[in-house]
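What follows is each chain in one-letter form.
2 protein chains.
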Amino acid sequence: MNELTLNQFLIVKDIFSFGIACMGAATLFFWLQLSRFSKSYKTAILVTGLVTAIATYHYFRIFNSWDEAFTVKNFKLYTSGIPFDFAYRYIDWILTVPLLVVELILVMKLSPKDTLKKSIKLASLAALMIIFGYIGERSEDQYTRDLWWYIGMLPFLVIVYELFKGLNKSLKLQPLAARPLINTARWLIVITWSFYPIVYHIDLLQISRSSFVVALQIGYTMADILAKAVFGFFIYLIAVKKSGIDA
Amino acid sequence: MNELTLNQFLIVKDIFSFGIACMGAATLFFWLQLSRFSKSYKTAILVTGLVTAIATYHYFRIFNSWDEAFTVKNFKLYTSGIPFDFAYRYIDWILTVPLLVVELILVMKLSPKDTLKKSIKLASLAALMIIFGYIGERSEDQYTRDLWWYIGMLPFLVIVYELFKGLNKSLKLQPLAARPLINTARWLIVITWSFYPIVYHIDLLQISRSSFVVALQIGYTMADILAKAVFGFFIYLIAVKKSGIDA
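Protein chains in written order, with the numbering used here: chain A, 537 to 783; chain B, 537 to 783.
To be clear, the hints were calculated from the coordinates, so they are not data collected in a lab.
Treat the hints with care, since some could be wrong.
Which copy is meant is left open, so a pair is good if it fits within one copy or across any two.
In the EDC-like style, the derived pairs of lysine to aspartate or glutamate whose C-alpha atoms are separated by at most 16 angstroms in a straight line are [unchecked claim]:
(1) K653 to E698
(2) K549 to D621
(3) K609 to D621
(4) K549 to E604
Construct all of the structure, not just a fragment, from the sequences and the given hints.
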């Protein structure tokens, strides 16, 4: 990464700081709204804020690790000899990605039995997906990387199937006013989550190594903000609609 | 920036610390008042505090970046070789400036449909304005800088038009007691926001480079405090008047 320019280094640092600000602001927004919800939706909103809170913590770690990986001397950039630890993203996802599907299930307010069953099923699949992706990302060999990508896609496809086929019956039991929002929320999961397996392969585009690093980090951060803060805002809107309170 | 005196360095540092204190205090004031408001105005007050909270975070970043950009040895100031990252301001504005117009719309308590429509329209224009300004500010060439200034002025003028023409009908539906406050709030937006495009051109006044740096940072900080904390206080007063509670 030593061909990175000072400007590229700063842009990525700005983006990570933007991640901290977005995730932190989203958390405060969700939790300060908690008191307005009846007990039926409190847990959903609480978990929504929990996801962005965990992400805020990890964006601090990512920001600091990026800062430590470089030294600036006389307005020139040098690598410091300490590696940038991308694994914080995976540590974040192992916790937050299963919680994201739980958010959606909680706000749908299914029967206690269905809530538990679907939460365990979808959260386990989500955790598996991240673990497989991590194994692939950690490997140095292109063949192993590709192999784990395919293995990680399996739980992802089951999740997509479950979100559309498995939740359809439950969706029909939702109040009419909330249905389009829930539908948008599940599409938001599919579209934003699809971004990660694409970004995993960004090196195939054969752009120069330093632009690759910048593009990768911008891409991940934007996908994270959409998948957690913006998705969380949809969960909030669904809870508002179903509770009949003002946004 | 190496002609900056130690005193000038300290003045700017003081100003940034003043920014942290003002924004932090404003946030605490707004959020500690939250429980006094009925559900109709809670989100408006919450977002008002969110804007100053995001600004508090960024003033910490700006303060630390300024401090890192210089080294003090034997009571003399030297540049450290690490650039001062002005981009934190833009990262802040991309989030806070759209939220500022949302605050005003929320406290007016329009119909849910109008709230959504006007919020999306004005917030998008505000975000565009900041992005155009950032592109101009990042460019080194005077012609490009000027060009993006003109492009950035277009969404700004549309926002001003919308605030005065577009909100006039809604203003007439507001309680009589709240109207002068709402009118002042929108004027506060126009006046404080006008400061930024002027400051963008402060170098045209051909003052010495180090005084320019000091003037620029004082100007930005004061404009930020007026546009966020003082403007937020007006939003609070409007909510107080409309709720019929004591300030």
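Verification of the supplied hints:
In this assembly of identical chains, the alpha carbons of K653 and E698 lie at most 16 angstroms apart only when taken from the same copy (12 angstroms versus 33 angstroms across copies). Taking the shortest alpha-carbon separations for K549 and D621, both the intra-copy value of 14 angstroms and the inter-copy value of 10 angstroms come in at or below 16 angstroms. In this homomeric assembly, K609 and D621 come within 16 angstroms of each other (Cα to Cα) only across copies, at 15 angstroms, whereas the closest approach inside a single copy is 22 angstroms. Taking the shortest alpha-carbon separations for K549 and E604, both the intra-copy value of 11 angstroms and the inter-copy value of 15 angstroms come in at or below 16 angstroms.
Checked against the numbered hints above, the structure violates none of them.
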